[in-house]
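From just these sequences and the hints, can you work out the full model?
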Amino acid sequence: MARNHEAERWRVFGAVALVYTLLIPLPFNFSVGTLLLPPYRLFLIGAAFVILRDILKGHLRLCLADYVVAALGVWIAISSIVTMGLDQAVQASGSLVLDIVVAYFWLRTTISSLRDLRILLVLSAPGLAMTGLIIGAESLLQMHLVMPAASAITGQVHELEPSIRLGLMRGQGPFPHPILAGIFLGSFLPLYLVAGLRGWPLWLGLFGGLCCVFTFSSGAFLVLASGLALVAANFMILRTSMVSWRLALLGLLVVIIFLEVASQSGVVKLITRFAALNNQTAFFRLLIWDEGIKTVVENPIFGIGFGDWARPRWMPPSVDNYWLVLAMRHGVIAPLLALLGVLLAVVGLARNSVRLATVDQNTIRGTAIALSVMCLGVFSVALWLSPQVWFFALLGIAASLVQHTAQSAAET
Numbered sequence: 058m059a060r061n062h063e064a065e066r067w068r069v070f071g072a073v074a075l076v077y078t079l080l081i082p083l084p085f086n087f088s089v090g091t092l093l094l095p096p097y098r099l100f101l102i103g104a105a106f107v108i109l110r111d112i113l114k115g116h117l118r119l120c121l122a123d124y125v126v127a128a129l130g131v132w133i134a135i136s137s138i139v140t141m142g143l144d145q146a147v148q149a150s151g152s153l154v155l156d157i158v159v160a161y162f163w164l165r166t167t168i169s170s171l172r173d174l175r176i177l178l179v180l181s182a183p184g185l186a187m188t189g190l191i192i193g194a195e196s197l198l199q200m201h202l203v204m205p206a207a208s209a210i211t212g213q214v215h216e217l218e219p220s221i222r223l224g225l226m227r228g229q230g231p232f233p234h235p236i237l238a239g240i241f242l243g244s245f246l247p248l249y250l251v252a253g254l255r256g257w258p259l260w261l262g263l264f265g266g267l268c269c270v271f272t273f274s275s276g277a278f279l280v281l282a283s284g285l286a287l288v289a290a291n292f293m294i295l296r297t298s299m300v301s302w303r304l305a306l307l308g309l310l311v312v313i314i315f316l317e318v319a320s321q322s323g324v325v326k327l328i329t330r331f332a333a334l335n336n337q338t339a340f341f342r343l344l345i346w347d348e349g350i351k352t353v354v355e356n357p358i359f360g361i362g363f364g365d366w367a368r369p370r371w372m373p374p375s376v377d378n379y380w381l382v383l384a385m386r387h388g389v390i391a392p393l394l395a396l397l398g399v400l401l402a403v404v405g406l407a408r409n410s411v412r413l414a415t416v417d418q419n420t421i422r423g424t425a426i427a428l429s430v431m432c433l434g435v436f437s438v439a440l441w442l443s444p445q446v447w448f449f450a451l452l453g454i455a456a457s458l459v460q461h462t463a464q465s466a467a468e469t
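Under the working numbering, the first residue of the sequence shown carries the number 58, and numbering increases by one thereafter.
These are computed hints drawn from the structure, not numbers from a lab. The reader is advised that the hints may include incorrect statements.
[Stated by the list, open to error] Per label pair, the in silico range of CB-to-CB distance:
hint	residue 1	residue 2	range
1	W67	E216	40 to 48 Å
2	G90	A290	48 to 56 Å
3	P205	G90	24 to 32 Å
4	Y77	I350	37 to 45 Å
5	L396	L197	34 to 42 Å
6	A128	A290	28 to 36 Å
7	F341	L217	47 to 55 Å
8	E216	M187	20 to 28 Å
9	W67	A407	41 to 49 Å
10	G212	M293	49 to 57 Å
11	H215	Y77	16 to 24 Å
12	R296	W371	47 to 55 Å
13	L396	A290	37 to 45 Å
Nothing here was measured: the structure is a model prediction, and the numbers come from that model. Ideal Cβ positions, reconstructed from N, Cα and C, are used throughout, including at glycine.
Structure (structure tokens):
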């Protein structure tokens, strides 16, 4: 039985609360033994009980994307047990399942309509704008502001090394890394551009999203450029009968096939290369891709867990590609399940959007664009902590809107 949204409209504030916990600086994280507990994880632990109750009572009507994300969580747990043993797997995969599965289902149970999404965007706008302002100030002043202030309060010291690009510091704000800050903020821009908001929520949201440029990160620029390009394409498609999304996507598919056949490196390597801001970064990312793929080929089913991976001694241990990280740690099934969930959501949104009025149609397509560009952006960075939570929360929003628009069309 579907939930009575009017009777439980307060649930959208649970989604807003999660967004604000994602903006809490790292020094407020604490540990129980070896288990890291950021504030958002404590929130998600409590949210898990509400989600379970909703599922058991039939208040949350499950869809195919729900089963896919749940299967991803189960596979992460299974692969971790196989590669690391039960004791270590409970700790390592437990946190990951919280960040992925519970975050996804929390947004599934708290966002059930376009109205809910707009409320989320309105109430999140001040926090995003303040975060963007701080990141911009850090960049211009060439000094970290958030982390030292938070460390002074908690006593937890986080070592930070200023990184200068183009004469300005890469702003980081409350996030683990500048590139994660950039992708997080940049993913909100398509939502605010086309959600039909007006006044201060619109301008604050746009300001916060645009401040991703102060991270001077390849991933942020990729998310920003692709998001703006897709929003512009949608604008043109709505105003001309000569072009449609079907034709545009067909053209994109032709380009992808051409690049895959004509280039020596293939599409993924081309994205990885051109997403980098300099030749050295591009070189390392291509090398990481080559060496990482070898690890995946040698351990295709369960991956290698969270242990170190084989590479030349002079290479750094980081892997700047989220999809590759998932495949290396948990086997190829993990990224395939995640991408399948995204595909189901984006295709569902695109299909259902044609039945809606222009404002709602734009909001639906903006959600699909935000999710798509974030998928593209993480080819240049491995997600962890709050940005990873937001990625799967955004997927949860998309899945809810697919269900909502399908149900609304059936009732008309």
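Results for each hint:
1. W67 - E216: 40 to 48 Å: holds, 41 Å
2. G90 - A290: 48 to 56 Å: holds, 50 Å
3. P205 - G90: 24 to 32 Å: holds, 27 Å
4. Y77 - I350: 37 to 45 Å: holds, 38 Å
5. L396 - L197: 34 to 42 Å: holds, 38 Å
6. A128 - A290: 28 to 36 Å: holds, 33 Å
7. F341 - L217: 47 to 55 Å: Given about 22 Å between the Cβ atoms, the range is violated.
8. E216 - M187: 20 to 28 Å: Because 25 Å falls inside the window, the suggested range holds.
9. W67 - A407: 41 to 49 Å: violated, 31 Å
10. G212 - M293: 49 to 57 Å: holds, 54 Å
11. H215 - Y77: 16 to 24 Å: holds, 20 Å
12. R296 - W371: 47 to 55 Å: holds, 53 Å
13. L396 - A290: 37 to 45 Å: violated, 22 Å
Of the numbered hints listed earlier, those contradicted by the structure are 7, 9 and 13.
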